[in-house]
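Hey, can you work out the whole structure from these sequences and the hints?
Okay, here's what each chain looks like letter by letter:
2 protein chains.
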Amino acid sequence: MIKMVGFDGDDTLWHSEGYYQAAHAAFSEILGHYVDLGDRGLHDDMLLTERRNLALFGYGAKGMTLSMVETAIALTDARISAKDIHRLVEIGKGVLQHPVELLPGIREAVEAVADEHALVLITKGDLFHQEKKVARSGLADLFRRIEIVSEKNADTYRRLFEEFAVTPAQFAMVGNSLRSDIEPVVRLGGWGVHVPYHVTWSHELDHGLGDSHERMLTVESPAGIPAAVRALGELAGG
Amino acid sequence: MIKMVGFDGDDTLWHSEGYYQAAHAAFSEILGHYVDLGDRGLHDDMLLTERRNLALFGYGAKGMTLSMVETAIALTDARISAKDIHRLVEIGKGVLQHPVELLPGIREAVEAVADEHALVLITKGDLFHQEKKVARSGLADLFRRIEIVSEKNADTYRRLFEEFAVTPAQFAMVGNSLRSDIEPVVRLGGWGVHVPYHVTWSHELDHGLGDSHERMLTVESPAGIPAAVRALGELAGG
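Keeping their order, the protein sequence lines are chains A and B.
Just so it is clear: in the first sequence, position 222 is 222 by the numbering used here, and no numbers are missing.
Just so it is clear: in the second sequence, position 112 is 112 by the numbering used here, and no numbers are missing.
No wet-lab data here; the hints were simulated from the structure.
Some hints could be false.
A pair holds if it fits inside one copy or across any two, identical chains being indistinguishable in the list.
Claimed, not checked - Calculated cross-link-like contacts (lysine to any residue; reagent style SDA-like; alpha-carbon spacing at most 20 Å): (1) Lys83 - Gly208; (2) Lys83 - Ala25; (3) Lys93 - Ile73; (4) Lys93 - Ser28; (5) Lys3 - Pro168; (6) Lys3 - Ala231; (7) Lys83 - Ile73; (8) Lys132 - Ala154; (9) Lys132 - Arg52; (10) Lys93 - Glu17; (11) Lys132 - Glu147; (12) Lys93 - Met1; (13) Lys132 - Leu37; (14) Lys93 - Arg158; (15) Lys83 - Pro99; (16) Lys93 - Leu188; (17) Lys3 - Gly210; (18) Lys83 - Ala26; (19) Lys93 - Leu54; (20) Lys132 - Arg159; (21) Lys83 - Asn153; (22) Lys83 - His43.
What follows is the structure, given as structure tokens:
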């Protein structure tokens with residue numbers, strides 16, 4: 001029996017990755033004044049710097065901004081002007097200030113699941129930024145607990161299951177990332193509802209799960225979430 | 001009766017502010033090559049930028065680094081070189097990587113209090129950086145819960161008391177900051193043990209508490225903490 005349902009935040013409840021991708025595009029445009037990026041664009045250089053810095057910065061827009069500044073200085077052999085570096089900082093600030101826009105149909109979906117289950121919100125990233133997004137989403141009251149974590153791996157979910165006093169088999173996670181929301185939960189013996197988002201940060205594509213798994217259902221849009229949770233509940237034994 | 005004791009992290013369990021102040025000194029030195037800072041130094045400009053950015057960045061070394069970059073560009077009228085901006089980013093990374101050095105006597109003090117009370121660690125700042133410091137401190141096992149929060153105000157403590165299932169009168173907080181550790185707790189009806197640190201970030205000097213309060217004791221060093229907690233326990237009624 002499923003007792004508790006967890007929801008991811010970014011790109012599950014509200015739009016997020018699009019703002020990061022727009023920031024990367026603006027970054028490429030500025031760098032294009034200094035170096036010929038050719039066809040490859042900035043993508044690989046930036047991803048490399050970001051991944052190296054993840055161990056020091058963790059996730060979030062502040063770390064991304066510092067990585068943009070580093071990448072820009074390296075790729076231009078320090079020719080980039082302070083004015084343009086300031087533009088990079090402003091791009092990062094823009095990401096931190098973006099409006100919180102809920103995905104279409106998500107409020108109704110969360111409310112429907114909340115009628116039958118205790119809900120928790122489990123979101124990854126910068127504490128301060130995530131708290132603001134949760135507050136602005138207007139959904140906070142639907143969740144019993146709001147957990148902002150630095151990484152979503154098996155250890156994190158194990159600790160949360162203990163704090164929530166549920167077994168993995170009593171828990172289903174709803175999210176857009178196979179890597180962060182679904183794989184660790186189903187491998188621990190929980191359940192997953194995958195709601196793919198139209199864009200995914202390359203880093204999140206790195207997972208060991210195929211397109212299907214016996215403890216996971218994929219839905220096309222938030223409207224499909226309540227039925228998927230019910231169906232997993234049937235599999236879990238009523 | 002005091003049931004639970006909270007400990008602050010930075011400058012209570014381990015050294016922190018010194019690393020930030022060293023970063024500011026290195027920052028001043030770099031800026032000194034561009035502008036005559038005179039007697040006033042960089043202090044006021046940097047504090048102004050940091051405070052303005054707190055609402056967007058929250059606390060921590062990544063926000064400080066971005067504020068250094070902004071302040072440097074503004075004060076040099078964008079004359080600062082990309083090389084020197086890269087040095088600022090490296091200074092910020094240095095703060096994120098500093099070793100975790102416990103204050104002398106703190107391990108023994110925490111262990112002594114742990115013999116008689118349930119302990120929680122309540123620390124403010126960047127989630128990722130604080131988690132690393134907690135892990136490196138070697139003290140994590142002494143605490144029942146570790147709470148990393150974005151701000152330590154009355155609302156935060158109220159929420160934590162509810163989660164911990166204690167009343168304010170059953171809770172004592174140990175920390176170096178009157179603003180963040182002591183004032184909100186004693187105003188809610190809890191107890192405070194103030195352990196002043198030899199340097200304090202200017203931002204933390206902004207509080208409405210005098211040097212003494214009937215629900216607070218001040219101790220000179222960690223060695224005094226266990227006796228102070230016991231004395232407050234007597235005041236609290238056994």
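* **Lys93 and Leu54: within-copy, between-copy, both or neither at 20 Å Cα** => Answer is both: 19 Å inside a copy and 12 Å across each meet the 20 Å cutoff.
From the Cα coordinates, with 20 Å as the cut-off, is the pair Lys83 and Ala26 best called within, between, both, or neither?
-> Answer is within; shortest intra-copy Cα gap is 15 Å, inter-copy 22 Å.
message: My question is about Lys132 and Glu147: at a cut-off of 20 Å on alpha-carbon distance, are they close within one copy, between copies, both, or neither?
response: both (13 Å within a copy, 18 Å between copies)
- For the identical chains here, do Lys83 and His43 meet the 20 Å Cα criterion within one copy, between copies, both, or neither? Classified as neither: same-chain Cα gap 23 Å, cross-chain 23 Å, threshold 20 Å.
For the identical chains here, do Lys83 and Pro99 meet the 20 Å Cα criterion within one copy, between copies, both, or neither?
neither (26 Å within a copy, 34 Å between copies)
message = If the cut is 20 Å between Cα atoms, do Lys132 and Leu37 qualify within a copy, between copies, both or neither?
response = Close neither inside one copy (35 Å) nor across copies (36 Å); limit 20 Å.
#### Entry: Intra- versus inter-subunit Cα pairing at 20 Å for Lys3 with Pro168
Result: close within a single copy only, 10 Å intra versus 32 Å inter.
Task: Up to 20 Å CA-CA - Arg52 versus Lys132, copy category - done: Classified as between: cross-chain Cα gap 16 Å, same-chain 27 Å, threshold 20 Å.
| Which holds for Lys83 with Ala25 at a C-alpha limit of 20 Å: within a copy, between copies, both or neither? | Within one copy only: 18 Å inside, 24 Å across.
Exercise for the section: Using 20 Å as the alpha carbon limit, work out where Lys93 and Ile73 are close: within a copy, between copies, both or neither. Expected result: both (19 Å within a copy, 16 Å between copies)
Q.
With identical chains, the pair Lys93 and Leu188 could be close in the same copy or across copies; at 20 Å between alpha carbons, which is it: within, between, both, or neither?
A. neither (37 Å within a copy, 35 Å between copies)
* When no copy is specified for Lys83 and Ile73, does a C-alpha distance of 20 Å or less occur within a copy, between copies, both, or neither? -> both (13 Å within a copy, 7 Å between copies)
Of the numbered hints stated above, those contradicted by the structure are hints 1, 12, 13, 14, 15, 16, 17, 21, 22, listed in ascending order.
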